[in-house]
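Between the sequences and the hints, there should be enough to build the whole structure, so can you do that?
Residue numbers (this note's numbering), protein chains in the order written: chain Y, 1 to 254; chain G, 255 to 899.
A hint or two may mislead.
[As the list claims (entries may be wrong)] Sample of chain Y residues facing chain G (criterion: CB under 10 Å; computed from the structure):
#, residue
1, Pro-33
2, Gly-52
3, Arg-63
4, Glu-64
5, Gly-98
6, Thr-100
7, Ser-135
8, Pro-148
9, Asp-152
10, Gly-165
In short, the hints are calculated from the structure, not lab data. Just so you know, these numbers come straight off a predicted model, no measurement behind them. Ideal Cβ placement from N, Cα and C applies to all residues, glycine included.
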Amino acid sequence: MDKLMNLKLKVWRQDNADDVGRFEEYEAHDISPDMSFLEMLDVVNEGLIESGKEPIAFDSDCREGICGTCSMVINGAAHGGQKGTTACQLHMRHFSDGMTITVEPWRATAFPVHRDLVVDRTAFDRIQQKGGFISVRTGSVPDANAIPVPKDQSDLAMDAAQCIGCGACVAACKNASAMLFVAAKISHLSLVPQGQPERERRALAMVKQMDDEGFGNCTVTGSCEAVCPKEISLDFIARMNREYGRALIKKGTI
Amino acid sequence: MNLDAKIPSGPMAQKWDKHQFDLKLVNPANKRKYEVIVVGSGLAGASAAATLAELGYNVKCFCFQDSPRRAHSIAAQGGINAAKNYQNDGDSVHRLFYDTVKGGDYRSREANVHRLAQVSVNIIDQCAAQGVPFAREYGGLLANRSFGGAQVSRTFYARGQTGQQLLLGAYSSLSRQIGLGKVQMFPRTEMLDVVLVDGHAKGIVVRDMVSGEISRHSAHAVVLATGGYGNAFFLSTNAMGCNVTAAFRAYKRGAAFANPCYTQIHPTCIPVSGEHQSKLTLMSESLRNDGRVWVPKSQAVAEKIRKGELKASDVAETDRDYYLERKYPSFGNLVPRDVASRNAKEACDEGRGVVGSGLGVYLDFEDAIKRLGEGAVRERYGNLFDMYEKITGSNAYQNPMTIFPAVHYTMGGLWVDYNLMSNVPGLYVVGEANFSDHGANRLGASALMQGLADGYFVLPYTIGQYLAEVGPDDRPDTNSAEFVGTEETVRAQIDKLLSIKGKRTPTSFHRELGQIMWDKCGMARSKAGLEAAIKKIPELRAEFWDNLNVPGENGSLNQSLEQAGRVADFLEFGELMCRDALQREESCGGHFREEHQTPEGEAKRDDENFSFVGAWEYKGENQTPELHKENLVYEEVKMTQRSYK
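Rendered as structure tokens:
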């Protein structure tokens, strides 16, 4: 068994959206390097409850890096800064005994804090509702092999489609831009033939909703790509911009 | 209790077509006068909510996650079965139907399974039209693979993230309907009770998990798509939030719970690393195609490995026991999930486990790397090897993986008839939350198929019959006595949980229950063990209600309170699972009773006495529930004993 660690945590505590919030310090004792970061927080929380305090609220669900629920900035990096890793798959062996670890929620105007590390990401859902779909009714569809899709194109669509919607891209961006998230969806659907009929209206509607939600603009620093747990490429933002420009021209807006 | 399955008459292959014609229709102009509640937004819930809204019904959809896109269907890796026969390798609706009934060890309902196989082909069409980026061949057509030992290649997949892509497809259809105003979505909202009016399900009571507000919602019908109950074991591959609360509270209101003892234990999961463990991670069973399972022949060698004095590579070939290859020469490492899991347990029970806790066996790729080269192994399993290293810190190209079985899926669920309606009129149950299609064991790549079959293609037809019968006016006021009374029950329980102010956390109770369930109602069960559990669980439950500590209050986001409510239900439900396992004096599929095995240690069914669905009726607090039986009749498939020797 590897050596157990003692750590100091500085954790953001905020009672609700209206509270100003503050950092509080906690000790984490006897932390095994085999624990995930969230399991370390579980241990701290058990201790807090036992000592009559309220545990740190944080979001998590699948704990295997696919649901996109967990969302925290660890030592200044969304999800902790390990390449292609969500907070739930970040393990304590990447930390060392005696370290101080700072834990904060996603910080963005469009993601108000519900409590502590839990934020409201329904802005992402509202963007999807404006056009993140192909309008097909159940049952009224052709045979799945009736429309062949070139493998390269389908693979590229899959590269974009694997976005887990966690919001790390927004948290990492100095402008709190949601471009990587929106680009992933627009790219996925514009790359498959089934998505062509709604291509222009989708791009225009999703970008408009993104702006209306209060997300910032993209200045191509690439910090989103650096923290994305699914390593979604910045190229998709360029693709989205092309889609958007193309839509403006085709719709005769410019 | 009325357990009429309402299976349509006529030949098996024509039942569903005939039934669709026989079902009543709701006039298109009247559909907008109906309200349907869907609880859960996984594959079954999201597809049902979207499709009902497309038909014109008004839908309210509830989920406890912060977004409907995050339900645990998202974590399914392997794929989805469909009888497309695109590979021209002899697949057909009948073959998929037959394989599913056989794989379920003859404990599922034939007519439901046949319908599942029939609509499987429509699912793939639907998903492709939604833009799901399935794996394709260079010609642009869909690729398939064989999965879980199937003799045909009928599994469609999207890399190792099939569940994610299918769920995002259903979520996109749901999002469209939300945008159109036909679905009202309630994320971060937990259903805490179902409301019955004159014996019919007419609404639910929910808690807003951010504000703590309790509210009442009425509808013409209620659909539960609330998933499985694997977290009764505390440790499982389920997500942290997966729970039995919605299904269990429906059970307490009169819905029968069927076959709760049928749970699936998946053989290839990463072993528990310590007390802190919060969940278990599954790795696709495709690894068994090339990995060889072994433990040392001697306990002494295994003990040295556990102490870190020896490494796997120090064990000579002649000192290794490739027990699956030895015992099952024809299937070897590819025996079904239940057989592989039980044998791993047996090896560890013999003191031959190879991880610190003693609960782990090797899955070794050394031969595959020698035969194919590291590059080829990386190409096939690279993402799984990466995930393994992320979690364990160990490089599986150099050292064998260690694996151990973990609870993965639950075949039991609320009892439903052919229309997916429970015995409570107006209460429908879809997806993993119902019991009907997988019998005592689910085949790989069939969970996604069932969730989407129910939601896209079955429920939207069958619910029309009930709605047409009751008419558009049958939607009670939420101020009626039934609604107010149910809300009071919910509030009373929340107040009680908050008022105990004892010493123990909800997690500590959950963990203790999980240990009992795993020891006594896990991979192998015995009369004595189950009876001990049935005695122990009520004691733990009593302590829970006496010594629980839930900090905070109801009026804000309170994760301890959410968890406490779920653990309270698991503490009752766990006992029901044990009772069901105790009454089923046979071994079948995932249910293995030590008393009922062949001389070689294989599961031994008792078709004469146990070919029935065991459906339990709630009889009140601390009362013994009553068992009812729906007899299973097999018209098409001949029952045989499974053999993998």
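Each hint tested on the structure:
1. The criterion of a C-beta within 10 Å of any C-beta in chain G is met by Y:Pro-33, whose closest approach is roughly 7 Å, and the hint holds.
2. The closest approach between the C-beta of Y:Gly-52 and any C-beta of chain G is roughly 7 Å, which is under the 10 Å cut-off, so the hint is satisfied.
3. A distance limit of 10 Å between C-beta atoms decides the matter here; for Y:Arg-63 the minimum to chain G is near 5 Å, and the interface restraint holds.
4. Given hint, Y:Glu-64 at the interface with chain G, holds; its Cβ is 5 Å from that chain's nearest Cβ, closer than 10 Å.
5. Hint status for Y:Gly-98: violated, given a least beta-carbon distance of 20 Å to chain G, over 10 Å.
6. Interface hint at Y:Thr-100: violated, since its Cβ lies 21 Å from the closest Cβ of chain G, which is beyond the 10 Å cut-off.
7. Because the closest C-beta pair between Y:Ser-135 and chain G is about 6 Å apart, less than 10 Å, the hint holds.
8. Contact between Y:Pro-148 and chain G, as hinted, is supported at the beta carbon level, the nearest pair being about 3 Å apart and thus within 10 Å.
9. About 9 Å separates the beta-carbon of Y:Asp-152 from the nearest beta-carbon of chain G, less than 10 Å, and the hint is met.
10. With a least beta-carbon distance of about 6 Å to chain G, the hint placing Y:Gly-165 at the interface is held under the 10 Å criterion.
Hints 5, 6 from the list above are not met by this structure, while the remaining hints are.
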